[in-house]
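Participant: Those protein sequences? They're chains V and Y, same order as listed. With my numbering, the residue at position 126 of the first sequence is 126, and numbering never jumps. With my numbering, the residue at position 105 of the second sequence is 105, and numbering never jumps.
Keep in mind that the hints were calculated from the coordinates and are not lab data. Fair warning: this is a prediction, and the values are worked out from it, not measured in the lab. All residues carry an ideal CB built from backbone N, CA and C; glycine is no exception. Take the hints with a grain of salt, since some may be wrong.
Take a look, some chain Y residues computed to stay more than 12 angstroms from chain V by CB distance [to be verified]: (1) GLY19; (2) GLU28; (3) PRO53; (4) ILE54; (5) ASP73; (6) LYS84; (7) ILE91; (8) THR96; (9) GLN99.
Restricting the straight-line Cα-Cα distance to at most 35 angstroms, the calculated cross-link-like pairs of lysine-lysine (DSBU-like) are [claimed, not checked]: (10) LYS2/Y / LYS15/V; (11) LYS20/Y / LYS90/V; (12) LYS84/Y / LYS20/Y; (13) LYS90/V / LYS127/V; (14) LYS65/V / LYS84/Y; (15) LYS90/V / LYS65/V; (16) LYS90/V / LYS15/V; (17) LYS15/V / LYS65/V; (18) LYS127/V / LYS65/V.
Now for the letters of each chain:
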Amino acid sequence: MQSALPVFDRYPPRKTIYDYFHQALRNSQNTLRDVPRELVSDNDGNCVAFEVSEEAGRIREVRFKCTTCFTLVALCEHIVELACGMTISKAREIDREFLLELHPEVPPQLADRASLASQAFRAALQKVTVNLNKGEPL
Amino acid sequence: MKVAYIFSTQGHTVSYKLGKMILPQLEEGRHGVDVVGMFFFEDNCFALREGDPIGQRLVNVAKRLNILLMCCDQCCYERDIADKLFEGVQIGCFPTLYQALAGNLPDQVITL
């Protein structure tokens, strides 16, 4: 017998840009207190900096600081969620297309926020890689 | 005089003040001032969701009169309509609005 309960079209529910922005507000401990040198900016006056720490080849912690664009904050927060626990080489696959595929609700006008977030994250990954190569403590 | 409208309160803001007063006046060329932009908050954003009859008329007149139409990004994401607005309608926050209006500044901003 069919249930009379409504059928949810997406279960588990997909978290949207709106959800990730508010998650970022709740996870404010992820906010960098100091902006590292890997600050990436765009022509709209937005900028982002990520800081990535690694342990045994996997990403242990990701923190970021960015300008207060709603879409940008949400995308950065999603990167944090995605990247923790990943290997560095796998984390490099997080790019503009990947983020936009996860968030089809981002209109084309704001799609460049995904570029900015992913570029800043890759810049931070690059720094981790460099430090690993040099054998320096992170 | 150039004005920009911010549709902030709800109630009859869109259906009455915009749909029955401002929009017909703009369509008929008797509004009395040049409107350079309109910014929509909260449920007022639904007026610019594709398929809305008031929104369609507004988009048509905005194209003709070069009026900026922008919705609050947070309001649109919350209502799951950020990617469902009429073509040409932007979403953003205050910095985006100021940047978009920088080339055609209003003399007055009217909050409704």
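Participant: Against this structure, judge whether each hint is valid.
Facilitator: Quick rundown of the hints versus the structure:
1. GLY19: holds, 24 angstroms
2. GLU28: Since the minimum Cβ distance to chain V is about 31 angstroms, GLU28/Y lies beyond 12 angstroms and the statement holds.
3. PRO53: PRO53/Y clear of chain V: closest Cβ-Cβ about 22 angstroms, beyond 12 angstroms.
4. ILE54: holds, 21 angstroms
5. ASP73: Answer for ASP73/Y: violated, closest chain V Cβ roughly 5 angstroms.
6. LYS84: Answer for LYS84/Y: violated, closest chain V Cβ roughly 9 angstroms.
7. ILE91: Given that some Cβ of chain V is not farther than 12 angstroms from that of ILE91/Y, nearest at about 6 angstroms, it is violated.
8. THR96: It is violated; THR96/Y is separated from chain V by about 8 angstroms at its closest Cβ, not greater than 12 angstroms.
9. GLN99: GLN99/Y not clear of chain V: closest Cβ-Cβ about 7 angstroms, inside 12 angstroms.
10. LYS2/Y / LYS15/V: Answer violated: LYS2/Y to LYS15/V is near 41 angstroms, above 35 angstroms.
11. LYS20/Y / LYS90/V: violated, 55 angstroms
12. LYS84/Y / LYS20/Y: holds, 24 angstroms
13. LYS90/V / LYS127/V: Satisfied, since the Cα-Cα distance of roughly 16 angstroms is no more than 35 angstroms.
14. LYS65/V / LYS84/Y: holds, 30 angstroms
15. LYS90/V / LYS65/V: Holds - the C-alpha atoms of LYS65/V and LYS90/V are around 22 angstroms apart, at most 35 angstroms.
16. LYS90/V / LYS15/V: holds, 22 angstroms
17. LYS15/V / LYS65/V: holds, 21 angstroms
18. LYS127/V / LYS65/V: holds, 16 angstroms
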